[in-house]
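Colleague: Residue-level listing of the chains:
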Amino acid sequence: MLGNFAIYTALITIFLALWSYLFKSFGKDYLLKFGRKMFFLHTIALSVSTAYLFYSLIAQKFEYAYVYQFTDKTLEFRYVISAFWAGQEGTYLLWAILGAAIGLLLIKREGADWEGPLLVFVSAVQLVLVLFLVIQSPFREVIPNPTDGLGLNPLLKNPWMVIHPPLVFIGYALLLVPMAYALGAMWKKQYGNWVNRALPWTLLGWTFLGAGIIVGGYWAYRVLGWGGYWSWDPVENASLVPWLFGAALVHGMLVQKYRSGFKKTNIGLAITTYVFVIYATFLTRSGVLADFSVHAFSRTPVYLYLGIFLFLLTAGGAGFFFFRMKNIGSSSRGISEEEGFLSKTGFLALSVAGFSISGILIILGTSAPIFTGWFGPPSSVEESFYVQTNLPIALFLCLLLAGSVYLPWKKNNETGGFLKKLLTPLILSMAGGLVAIFLGVYSPLHLLIIVISLLAFWANVFPIVRIWRAKGFLYTGGYFSHLGVAIMLIGFLTSTALTQGETIFLTRGESQESLGYTLNFEGKEIIDEREYYRVLIDDGKKEHEVEPQVYYAGREPRRMREPAVLRYWWGDLYVSPLETQTDERERTLTLRRGETTRIGDLAVTFTSFQAPEHSEQGAMRVGANLVLSFEDQEIEATATMARLSWGWDREPVLAPGGGHLYLEGLTLTMVLQLFILSRLSERERENPWWWK
Amino acid sequence: MKRKYIIGIIIILIFAFFAGWSFRSAMTPYVSFAEAKELSGQVQVMGYFVDEEISYDLTSGYLTFELKDEEGSQARIVYDGVPPDNFDHAESIVVVGKFQGEEFTATRLLVKCPSKYEEEQK
Numbered sequence: 001m002l003g004n005f006a007i008y009t010a011l012i013t014i015f016l017a018l019w020s021y022l023f024k025s026f027g028k029d030y031l032l033k034f035g036r037k038m039f040f041l042h043t044i045a046l047s048v049s050t051a052y053l054f055y056s057l058i059a060q061k062f063e064y065a066y067v068y069q070f071t072d073k074t075l076e077f078r079y080v081i082s083a084f085w086a087g088q089e090g091t092y093l094l095w096a097i098l099g100a101a102i103g104l105l106l107i108k109r110e111g112a113d114w115e116g117p118l119l120v121f122v123s124a125v126q127l128v129l130v131l132f133l134v135i136q137s138p139f140r141e142v143i144p145n146p147t148d149g150l151g152l153n154p155l156l157k158n159p160w161m162v163i164h165p166p167l168v169f170i171g172y173a174l175l176l177v178p179m180a181y182a183l184g185a186m187w188k189k190q191y192g193n194w195v196n197r198a199l200p201w202t203l204l205g206w207t208f209l210g211a212g213i214i215v216g217g218y219w220a221y222r223v224l225g226w227g228g229y230w231s232w233d234p235v236e237n238a239s240l241v242p243w244l245f246g247a248a249l250v251h252g253m254l255v256q257k258y259r260s261g262f263k264k265t266n267i268g269l270a271i272t273t274y275v276f277v278i279y280a281t282f283l284t285r286s287g288v289l290a291d292f293s294v295h296a297f298s299r300t301p302v303y304l305y306l307g308i309f310l311f312l313l314t315a316g317g318a319g320f321f322f323f324r325m326k327n328i329g330s331s332s333r334g335i336s337e338e339e340g341f342l343s344k345t346g347f348l349a350l351s352v353a354g355f356s357i358s359g360i361l362i363i364l365g366t367s368a369p370i371f372t373g374w375f376g377p378p379s380s381v382e383e384s385f386y387v388q389t390n391l392p393i394a395l396f397l398c399l400l401l402a403g404s405v406y407l408p409w410k411k412n413n414e415t416g417g418f419l420k421k422l423l424t425p426l427i428l429s430m431a432g433g434l435v436a437i438f439l440g441v442y443s444p445l446h447l448l449i450i451v452i453s454l455l456a457f458w459a460n461v462f463p464i465v466r467i468w469r470a471k472g473f474l475y476t477g478g479y480f481s482h483l484g485v486a487i488m489l490i491g492f493l494t495s496t497a498l499t500q501g502e503t504i505f506l507t508r509g510e511s512q513e514s515l516g517y518t519l520n521f522e523g524k525e526i527i528d529e530r531e532y533y534r535v536l537i538d539d540g541k542k543e544h545e546v547e548p549q550v551y552y553a554g555r556e557p558r559r560m561r562e563p564a565v566l567r568y569w570w571g572d573l574y575v576s577p578l579e580t581q582t583d584e585r586e587r588t589l590t591l592r593r594g595e596t597t598r599i600g601d602l603a604v605t606f607t608s609f610q611a612p613e614h615s616e617q618g619a620m621r622v623g624a625n626l627v628l629s630f631e632d633q634e635i636e637a638t639a640t641m642a643r644l645s646w647g648w649d650r651e652p653v654l655a656p657g658g659g660h661l662y663l664e665g666l667t668l669t670m671v672l673q674l675f676i677l678s679r680l681s682e683r684e685r686e687n688p689w690w691w692k
Numbered sequence: 001m002k003r004k005y006i007i008g009i010i011i012i013l014i015f016a017f018f019a020g021w022s023f024r025s026a027m028t029p030y031v032s033f034a035e036a037k038e039l040s041g042q043v044q045v046m047g048y049f050v051d052e053e054i055s056y057d058l059t060s061g062y063l064t065f066e067l068k069d070e071e072g073s074q075a076r077i078v079y080d081g082v083p084p085d086n087f088d089h090a091e092s093i094v095v096v097g098k099f100q101g102e103e104f105t106a107t108r109l110l111v112k113c114p115s116k117y118e119e120e121q122k
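Heads up: the protein sequence lines correspond to chains P and H, in order.
Counting from 1, one number per residue, gives the positions in the first sequence under our numbering.
Counting from 1, one number per residue, gives the positions in the second sequence under our numbering.
Worth double-checking, as some hints may not be accurate.
What the hints assert, rightly or not - With a straight-line Cα cutoff of 30 Å, these simulated DSS-like cross-link-like pairs (lysine-lysine) come out: (1) 326(P) with 37(H); (2) 157(P) with 28(P); (3) 421(P) with 4(H); (4) 37(H) with 420(P); (5) 4(H) with 344(P); (6) 2(H) with 257(P); (7) 188(P) with 326(P); (8) 257(P) with 188(P); (9) 61(P) with 189(P); (10) 2(H) with 420(P); (11) 37(H) with 410(P); (12) 264(P) with 33(P); (13) 61(P) with 33(P); (14) 108(P) with 33(P); (15) 98(H) with 257(P); (16) 524(P) with 73(P); (17) 257(P) with 326(P); (18) 68(H) with 264(P); (19) 410(P) with 524(P); (20) 326(P) with 2(H); (21) 264(P) with 98(H); (22) 344(P) with 2(H); (23) 410(P) with 4(H); (24) 98(H) with 421(P).
Hints were generated in silico from the structure; no laboratory data involved.
All of these numbers come straight from a predicted model, not from anything done at the bench.
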């Protein structure tokens with residue numbers, strides 16, 4: 001009750017705030033105070049619903065749909081935070097509360113003449129977000145009230161998943177500010193100083209989004225077990241594209257700040273960046289790319305409204321921009337003759353172009369299944385497209401960021417000296433290239449990438465030292481971020497080009513050599529339905545014990561592989577379990593009620609039928625209650641099956657001692673067949689059916 | 001100054017052609033086995049398992065099986081790698097790759113996740 005009440009209060013107050021700020025902007029100044037009050041109340045209402053959702057998650061109020069879907073009684077306290085943003089409703093609430101906080105900061109800091117237009121746009125977006133919460137409230141009640149929840153997806157039970165979503169959403173929420181400023185600038189027809197005011201907000205939002213993307217990649221590397229951090233999947237691209245346009249915007253804003261050029265470009269970029277924030281949200285939540293992504297998408301009724309919002313935002317932003325284009329044009333300019341392209345200004349302009357082209361290419365690739373579907377069979381593009389087209393752009397940007405450090409703002413007699421200043425970094429990078437050859441890198445392309453990224457690195461190291469001494473630490477931000485980009489590029493290259501991999505087959509008790517390590521499979525343990533494979537790794541100096549894991553997660557259980565990573569300063573050893581094999585083939589057994597059958601050391605007793613349940617889409621789920629005993633352990637469990645539209649859905653029983661038992665069928669004569677897919681135990685090895 | 005712009009335009013055009021070429025070669029359309037034999041590039045074919053004659057050699061890492069597409073034509077699939085999740089429970093599968101002679105060499109296997117079918121019904 002309290003939760004929904006707070007959401008409705010937030011809706012009414014933000015509507016009133018939007019209304020008063022709108023009329024305030026048309027000259028009705030007396031409405032300002034009322035608007036502020038309403039926005040303040042809106043923030044309080046959102047805080048109440050946020051606090052109440054947290055409380056409900058902690059207090060395990062399973063009567064609320066959101067709590068029911070994403071938690072259960074066993075959930076550890078620290079992952080209650082991940083549960084908050086495990087679903088769409090929670091992320092909209094998070095986004096809304098962050099937006100409200102940013103709105104309050106804007107009221108406090110940005111002065112009365114900007115407050116009107118800024119808050120109109122901020123309130124409009126808040127209104128949309130709260131509408132989503134009204135349409136699909138996290139506080140919907142489940143009737144009858146369940147006593148336990150479905151539980152949090154184990155993939156999200158990870159510390160990185162606690163911080164990844166808020167970082168991305170702080171980024172998304174902050175990137176609204178430059179668009180609000182750009183639209184406000186067009187409204188007020190003041191195209192000059194908005195950039196100086198919006199730049200800090202843009203930098204902050206862009207940095208948060210970047211940090212969120214990196215944390216997401218790191219999470220994928222540590223948890224998903226496929227050995228990489230970036231797979232050019234639609235979901236990943238969707239967050240990268242606004243970041244790239246944000247990068248273009250930041251660099252364009254610098255041109256306007258220092259040289260007062262690029263007024264049109266910046267307004268266009270500020271709108272584009274936010275449009276892609278919403279487009280990204282739409283792609284990941286509408287299910288349009290469900291067939292082309294490995295990520296699980298779920299479509300909720302909100303997606304239609306999200307689509308409408310995206311359309312209005314794009315059409316409105318573009319329409320307003322073209323309407324004002326001539327007006328901006330009269331005060332705007334590009335690169336002047338006296339600056340030329342060989343100047344800081346020119347290089348910044350080229351970087352804006354580079355970032356934008358990269359963003360456009362990625363969005364084209366990601367949306368390929370949608371627009372190729374209009375002409376023929378829908379096609380997705382392979383990773384090679386993204387790598388081939390973005391690599392030259394990245395190298396080009398790297399050269400720009402190395403050179404720009406030593407260039408003056410406009411062409412003058414210093415320009416000629418710029419190559420001379422680049423000489424020391426160039427020599428150091430060449431030396432690095434030689435070291436790479438010595439270490440065994442022979443590919444000319446790899447060497448080129450190494451030298452160029454080292455050039456970007458060294459070119460930025462010297463100015464950091466010089467400027468830190470001369471002006472202070474606070475002036476080194478740009479150089480530090482460029483240094484980071486250079487280091488990151490070196491990391492991308494070494495991790496993709498120099499990775500060695502091998503698939504090996506470990507038998508328990510027999511050690512095996514691979515890639516210079518000695519691996520020894522010591523055995524398996526099952527804790528909390530997770531299979532831990534204990535592997536002893538000898539790297540020649542020290543022995544390490546690692547435990548990669550296999551477990552089943554999701555409502556139709558899918559196998560998850562959690563890798564173990566051994567870290568060294570020159571690289572990681574990444575151990576990911578792929579398959580387990582056992583000696584004997586799988587067997588199909590027929591069990592009679594009350595009878596006990598032995599499968600190796602496992603005794604299975606079929607005790608009774610489970611009453612049929614009508615649950616998912618009217619499908620009937622049948623089940624057999626079993627008692628399984630292995631050595632001194634005895635458990636009771638139920639194997640079930642249901643006929644769904646895509647085939648049979650079988651929920652297996654995990655046997656003590658390893659292996660899964662699948663219910664194959666129930667016959668009229670009350671005979672139960674058990675299908676053992678891959679029973680794994682320390683003593684016996686079985687083969688699955690495709691092993692002949 | 002004019003010369004610089006012409007150089008710039010030429011560079012952009014070359015890059016645009018390059019990007020277009022890269023896009024075309026990276027495109028993997030959904031086709032049938034018959035069409036896949038005609039095409040030289042990478043394709044995706046959706047098919048159903050014909051029988052349970054699936055052999056897997058873990059030490060050399062080759063997986064071979066027969067697949068029948070929606071038009072009914074059949075092909076032998078060779079895949080160099082380990083079976084993906086849910087492979088042993090799948091009824092249909094998407095293979096990404098191309099024909100090399102009579103055999104279809106797959107570079108990726110995509111098991112359709114059941115949950116996605118559920119979504120479509122809503």
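Colleague: With reference to the structure, classify each hint as holding or not holding.
Modeller: Hint-by-hint comparison with the structure:
Between residue 326(P) and residue 37(H) the alpha-carbon distance is near 55 Å, which puts this suggested pair outside the 30 Å criterion. For the given pair, residue 157(P) sits about 51 Å from residue 28(P) by alpha-carbon distance, which is inconsistent with the 30 Å threshold. Only pairs whose Cα atoms come within 30 Å are accepted, and residue 421(P) paired with residue 4(H) is accepted, the gap being roughly 24 Å. At most 30 Å may separate the alpha-carbon atoms for a hinted pair to count; residue 37(H) and residue 420(P) exceed this at roughly 57 Å.
Using a Cα cut-off of 30 Å, the hinted pair residue 4(H) and residue 344(P) holds, with the two alpha carbons roughly 17 Å apart. Taken as a hint, the residue 2(H) and residue 257(P) pair is honoured in the structure, with Cα atoms around 27 Å apart against an allowance of 30 Å. Distance restraint check for residue 188(P) and residue 326(P): the Cα-Cα separation of roughly 15 Å lies within the 30 Å cut-off, and the hinted pair is therefore satisfied. A distance of roughly 19 Å separates the Cα atoms of residue 257(P) and residue 188(P); the hinted pair therefore holds under the 30 Å criterion.
A threshold of 30 Å between alpha carbons decides the hint, and for residue 61(P) with residue 189(P) the separation of about 52 Å lies outside it, so the pair is violated. At roughly 28 Å between alpha-carbon atoms, residue 2(H) and residue 420(P) fall within 30 Å of each other, so this suggested pair holds. About 58 Å separates the Cα atoms of residue 37(H) and residue 410(P), which puts this hinted pair outside 30 Å; it is violated. The suggested pairing of residue 264(P) with residue 33(P) is violated, with an alpha-carbon distance near 33 Å, which exceeds 30 Å.
Restraint check: the Cα-Cα separation between residue 61(P) and residue 33(P) comes to about 39 Å, which exceeds 30 Å; the hinted pair is violated. For the proposed pair residue 108(P) and residue 33(P), the alpha carbon gap of about 13 Å is at most 30 Å, so the pair holds. Taken as a hint, the residue 98(H) and residue 257(P) pair is broken in the structure, with Cα atoms around 53 Å apart against an allowance of 30 Å. A hinted pair counts as satisfied when its Cα atoms are at most 30 Å apart, and residue 524(P) with residue 73(P) qualifies at roughly 27 Å.
For the hint linking residue 257(P) to residue 326(P), the alpha-carbon distance of about 21 Å falls within 30 Å, and the restraint holds. With a C-alpha separation of about 56 Å, the suggested pairing of residue 68(H) with residue 264(P) is violated against the 30 Å cut-off. Between residue 410(P) and residue 524(P) the alpha-carbon distance is near 67 Å, which puts this suggested pair outside the 30 Å criterion. Note on residue 326(P) and residue 2(H): the hinted pairing holds, with a Cα-Cα distance of about 24 Å set against a maximum of 30 Å.
Annotation: proposed proximity of residue 264(P) to residue 98(H) is violated, straight-line Cα distance about 47 Å (limit 30 Å). For the hint linking residue 344(P) to residue 2(H), the alpha-carbon distance of about 20 Å falls within 30 Å, and the restraint holds. Distance hint between residue 410(P) and residue 4(H) is fulfilled; the C-alpha atoms sit about 17 Å from each other, no more than 30 Å. For the hint pairing residue 98(H) with residue 421(P), the CA-to-CA distance comes to about 52 Å; that exceeds 30 Å, so the pair is violated.
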